[in-house]
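Trainee: Residue strings, one per chain:
4 protein chains.
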Amino acid sequence: MSIENIKDKFLKGEIKAYELEDIIFRDVHKCKKEDWGNACKDASVLRIDFLEQKLGKKFNHIRKHYDDFCSIDKKTTAIEQIIGGAVVPLGFGGPLKIKGNHAIGEFYIPLANCEAALIAGFNRGCNVINESGGVRSIVTKDSMTRSVIIETPSIDDAFKLCEEVNKKGELYDEMKKAAEREGKVSKLVDIQTFQILNEIQLRYVFQTGDSMGMNSATKYAANAVKVLLEKYPEMKLKALSGNMCADKKSTHINVIFGRGKSVQTEVIIPLEVLKKNYQLMNENGEIIKEIEPRDIERINYSKNYQGSALAGTLTGFNANVANTIAAIFAATGQDLAQIVESSSAFDKAEVLKNGSLRFGVFLPCVEIGTVGGGTSYATAKECLDMLGCYGAGKKPGENAKKFAEIIGAAVTAQEINLLGTLACGDELASSHIRLARGK
Amino acid sequence: MSIENIKDKFLKGEIKAYELEDIIFRDVHKCKKEDWGNACKDASVLRIDFLEQKLGKKFNHIRKHYDDFCSIDKKTTAIEQIIGGAVVPLGFGGPLKIKGNHAIGEFYIPLANCEAALIAGFNRGCNVINESGGVRSIVTKDSMTRSVIIETPSIDDAFKLCEEVNKKGELYDEMKKAAEREGKVSKLVDIQTFQILNEIQLRYVFQTGDSMGMNSATKYAANAVKVLLEKYPEMKLKALSGNMCADKKSTHINVIFGRGKSVQTEVIIPLEVLKKNYQLMNENGEIIKEIEPRDIERINYSKNYQGSALAGTLTGFNANVANTIAAIFAATGQDLAQIVESSSAFDKAEVLKNGSLRFGVFLPCVEIGTVGGGTSYATAKECLDMLGCYGAGKKPGENAKKFAEIIGAAVTAQEINLLGTLACGDELASSHIRLARGK
Amino acid sequence: MSIENIKDKFLKGEIKAYELEDIIFRDVHKCKKEDWGNACKDASVLRIDFLEQKLGKKFNHIRKHYDDFCSIDKKTTAIEQIIGGAVVPLGFGGPLKIKGNHAIGEFYIPLANCEAALIAGFNRGCNVINESGGVRSIVTKDSMTRSVIIETPSIDDAFKLCEEVNKKGELYDEMKKAAEREGKVSKLVDIQTFQILNEIQLRYVFQTGDSMGMNSATKYAANAVKVLLEKYPEMKLKALSGNMCADKKSTHINVIFGRGKSVQTEVIIPLEVLKKNYQLMNENGEIIKEIEPRDIERINYSKNYQGSALAGTLTGFNANVANTIAAIFAATGQDLAQIVESSSAFDKAEVLKNGSLRFGVFLPCVEIGTVGGGTSYATAKECLDMLGCYGAGKKPGENAKKFAEIIGAAVTAQEINLLGTLACGDELASSHIRLARGK
Amino acid sequence: MSIENIKDKFLKGEIKAYELEDIIFRDVHKCKKEDWGNACKDASVLRIDFLEQKLGKKFNHIRKHYDDFCSIDKKTTAIEQIIGGAVVPLGFGGPLKIKGNHAIGEFYIPLANCEAALIAGFNRGCNVINESGGVRSIVTKDSMTRSVIIETPSIDDAFKLCEEVNKKGELYDEMKKAAEREGKVSKLVDIQTFQILNEIQLRYVFQTGDSMGMNSATKYAANAVKVLLEKYPEMKLKALSGNMCADKKSTHINVIFGRGKSVQTEVIIPLEVLKKNYQLMNENGEIIKEIEPRDIERINYSKNYQGSALAGTLTGFNANVANTIAAIFAATGQDLAQIVESSSAFDKAEVLKNGSLRFGVFLPCVEIGTVGGGTSYATAKECLDMLGCYGAGKKPGENAKKFAEIIGAAVTAQEINLLGTLACGDELASSHIRLARGK
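Respectively, the protein sequence lines represent chains A, B, C and D.
Note that our numbering numbers the first sequence so that position 438 is 443, with each residue one more than the last.
Note that our numbering numbers the second sequence so that position 174 is 179, with each residue one more than the last.
Note that our numbering numbers the third sequence so that position 49 is 54, with each residue one more than the last.
Note that our numbering numbers the fourth sequence so that position 148 is 153, with each residue one more than the last.
So that you can see chain A by itself, here it is in the shape it has in the complex:
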């Protein structure tokens, strides 16, 4: 078939949208390996043509932003039924001085977002941090999990199975072996057990190098659980994911155990640095308000703890961590649905005896990768490259940890700035308005 024939059949519904790549590759490009990318592009064009015709509209920008979203080696595409790209405005903030174990030096942070004032505020936070000598940022835990529901005949069977797994004997070893069979760098580091009556959840815990690891963890957990099911035919797999993982939900279990990277940050901000950066001026340029460390300390208490406690949250003891997480995730090809739990954060602000402010953020579950997922697509790759952490690290996991440290540092800049701004008074509103686009 020619491309015209294919289009014709497709528009008539005789070819399905998801079949286009394979048919075009076979019929138009004669299965020439180097043409797989062209076949994908052609398929994308046919689909956008179809939508335009069907809906009587034009989608010129979408089609314009098609990047090479396909893999020649594996003859796959990024996702199914691609029609192009969704573009999020991309700016940058910084430089931000980071003192991590892996991220050391000054960094420019790519931030994809649509919120006027976000980057301006970020930059003010960077100033505060830089003038304080930089922010310490460290990864304290590293793991990826999948929790599987096993249904057993009785509470006794469930209990015995937990005991069996917990003693880390033969069953554990065989499951570990099966789990790690296909993984090059991934390791099973624990299997946590949770019994609820005749069901148990086995929460498989992996370290997956520089990849975010959710897909690997799923696959490896499936392999591990097969060993168990073969050995105990009376046990039944109820669901390969039982929501104790917990993926893409705000949960306390991720706070307790961590998931992805747990990051902790710290910066000691001298009184003068704070004062200088958060002054409120009147129209004559006269300073009418300066903030002090104590103001930040009390707003952290009233808003981030007391307010959040009254709002009813398990993960949101912070000012606005999600903004920074979302902007970096969108820039770097991370799984955007994981913004949900990766934004879990606990701020701390404490005035020290010398008058300085100790400030830091605890992020228990930042789920990120520098290989796999969307990290290798054109702009994502460049953004990771901008941070010096695209791809696999020299040691497995090194790049992902560096990336996590950068995220922790960036979040810290944004948090200190928002708290400082709130302490200044009603500036939150006015800064938003002043900078907003409002086309």
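These are computed hints drawn from the structure, not numbers from a lab.
As the structure is a computational prediction, the values presented were derived from the model and not from experiment.
Not one of these hints is a red herring.
When the alpha-carbon atoms are kept at most 27 Å apart in a straight line, the in silico BS3-like pairs for lysine-lysine are as follows: (1) K192(A) / K165(D); (2) K399(A) / K165(D); (3) K165(B) / K399(C).
Pulled a few chain D residues facing chain A out of the computed Cβ check, cut under 10 Å: (4) F164; (5) Q200; (6) I258; (7) G317.
Over the 12 Å line for every Cβ pair with chain B, so calculated as not near, a few chain A residues: (8) H34; (9) T145; (10) D147.
Every residue, glycine too, gets a C-beta built ideally from N, C-alpha and C.
On the provided structure of chain A, position chains B, C and D as indicated by the hints.
Mentor: Below, chains B, C and D alone, put in the same frame as chain A:
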């Protein structure tokens, strides 16, 4: 100055990154109104040049995806320090038959994401729904909020102020008037009061037409609170946002009161439709497993409720709502940080006496807009257009409600598919692997 | 039958344990009204005899503590199958200076508990408060609730029913009338609606005077819901209690809306008062540590907010409120199962500019009564009498509010003491040990 | 001094309330060891006299219920400032057939409470269970915890200290040794570490035999932490209890790890047993409604999970577990403040293929003891004796586990009954009313 001079000064640090637009517009384009867009583009190029030089790297794709992220009328840019665009692969799913109050008919849903198998699964969910006659999707609440902390001298003052606001007398009216002063379509519909000792939080509740409304709500709340502070000089504004809003955090208060749009969906799936769509076959193509409504019902119980309860969540009683929310938000220029709370969801699955499955999703706080924010940028606009809900509705709020109904319906397709897939056995793992890109 | 015959038949199983009162009253006491109490006592003795014989053990103390747990007028007993009384050691603390709206003056607080050091610590807290001029304690909300699940045919029916109730028209009025029919002082003050797909929960909100009101609320809600079910035969009562009440569970909904009495307290503690009361001495009686307001402030932050946030709680942002709640509830005949939610509490500690400590506790849902329930039993009645708030107030609800203010004040004494003690160092352990009974 | 002199001085305020025992013992009883009990009794009488005189009221019942609340060997009293006893009406329910590992056979359950209908309902639940062959009840975890806050100089110090503890080397061993020094049966079984920035919480986990163990855990943790503080002088003890224990608060951490005893129960209820026990009759005695296992299953879903999820809870996925916990705790001398977290419970109801109902309750943190605390006081001791589990078990911990199994079984009876009753319709209201005392 010529553009070369400006670049030179910028690279030397004599011009700041954020000043570029204005200087170029003034010096290079001589303040010609129609050249504002070119000035912005020039500024973006200089910044990306700067980053390339500074870091010794190339960012060709980022610069390639610059869209016209500026507004000529207001001489503003989307965000500060733009360097181009971050591209997320964009596919589409559907058609999905929706029976809403505003969204009526078959829809193609744009989904921006990096997760192989997501759209394939979505389409299977659409099949299930379409073969069941479509999904009902309605908006049951509509509001946007900002909660402000007021510090009062004592618990008695705080109590009296709450009483004063609650009685909806003069103070309330004056605050309402101030709040609505600048809004064209926005209305203040309530002020909720929460006392914690000598502090109170005033949670201003607005309806903001077709815009998501967070920025407006902030501005209007600031105006309202000024009235209060002038009237009661002993009261003090502690923070313009007190985390009981609650913005970009997973909270129970948003479940109770709703925020953005509350959406409820419902589809009655006949036994045969379910069976047909979720069969597990062996290598010979023989059916080895068919699922039944009861399987979905029990997985919804074990995973979405029992599992989530044990995981410790307030908002995550669902399988994977965040995936769909994130994919639609990224496609349509929504605030990606609001994926956090917009993903709050409660699934329900119940086998009816006739053997069918009643399935639905309750989304208490989907925070979306069809005007403002990132909705007018090139690809976002086209994606909203694809859904027939770009811009302001004929009646204020109509388009946003239509969009919310579509989101509810799309989420329902994805949820029913994931639960069906899990019920089939270990397919979650294998489908991920089969379709993954793995460049 | 004689009492011997009855005993004989009872031991043989021919008479059931719960039938004893009626049979003895009829056969032995010939239905003489004034002998109902004796019949109850006789029945109680037979039951304890039965248990002793059955188990081969002696229960002399239990039988000794039989109080007159029966009502002659209504021929009822406190609970079914009474065998006597369970005795909890009862001490008292105070005097505690309270500045409430109803509780004004110095109070001795009855505290029933088994925890050595609790009263000693309580008294130290009273000292701190008294030396600071007393504690302000006020009731800010008053309500009792029952939430009923109604199942409707569809999400649209559920939505319409919510709208119907919310508009407070005819249906609301009729339900209100039915609810209040049998109540003398109880008033229906609101019906809150919560939709989850095709179910709704109607949360009936009552004010019930001086009684705790849970039983009344249940009965009145049942009456109200009958009106609805008759009017809308397609609606179905799924459960008369749907857990959004929320009774005897720790929930955030009770924090948001209050249940029972919401109490707020406040005391300004001068620096010197704090120092004097919390000194750590070495064996020579030399002061080795004095605490300052700042210590309390920081422990409140690190323990009550940061620690509790990490522990995963919605209601437990305090040091040990449950101790005081339990001790007063046990002394005064309250429903001990309601200790669960009545212990919900949020502490606040803030150093003021003058160096004093502002300290207070917010208790959103203290569920108590001074009439009904166990309040009229012998020791309970005396304990309420000790506080000057037994029985119905002159104005309905006045006594219950007075009682709630006392509880708030007592909790405040206990909290400030525990935080002060913790700030002193490891005294928590040693004070427990020094005073423990350890028979 | 004579007793009259002492009374005189006490009433004048020259002797403090808490000093009475010692002075009377010394002056009146001349320190004769066997008279310690009399001295205590005398002191109690003087105090009640004082209160009567001070308040102008009579407290005859309180004084009447004085039991021998003192220990001769250690010259201590149960609590400070005893004036007598608070009596809670005590009934019993059962027999209940329990199939535990330690509790095997039929049990009569002592229930101290003030709620009419509670025991009647409990008995109906026992019938259901007995007719189903009894309930399986097992303890799956056993531990008591105290979590201590250590403040360190920096996030790095905090991280290193966590690592040091986690590696279970020398520091761990020395702390374990110090912790166990004074304990006869108690063992330190784990030290969990939680870092939040520059603070860490060390959650010491003990097994404490048959005692509830909170006081021991505190003392032992204090001893352990002293080792650490001596070794690392730069670390600072911030609070000996940091709310991650978590004692007397409803928390998710206790659900995840358990505290006290974790109990799981299971009963398979045949269709006919359920039908027979939950019939609704009209006034002519005709059956108008019978319930089926499916009704229980759906109410468990709509009320205990969906309703509780919407109410915002972490621990209350059950119908009314607190009632039973409170009634048994009050009867048996447990710490009544621990009703708060001991009531955490997750019900499960599932219709099996043969039409029976699998029903069970998971109680993650039942904190109880059979020695120590209030267990040895007169009526408490007899109630424990009634259950055959007073005092230390033959093997340490055996009696406490037996007791926990009984509690789990009793809770199960109460839960199945409440769900069955709710399924019958509006009986909750009417049964309460029919049986209520209403003096």
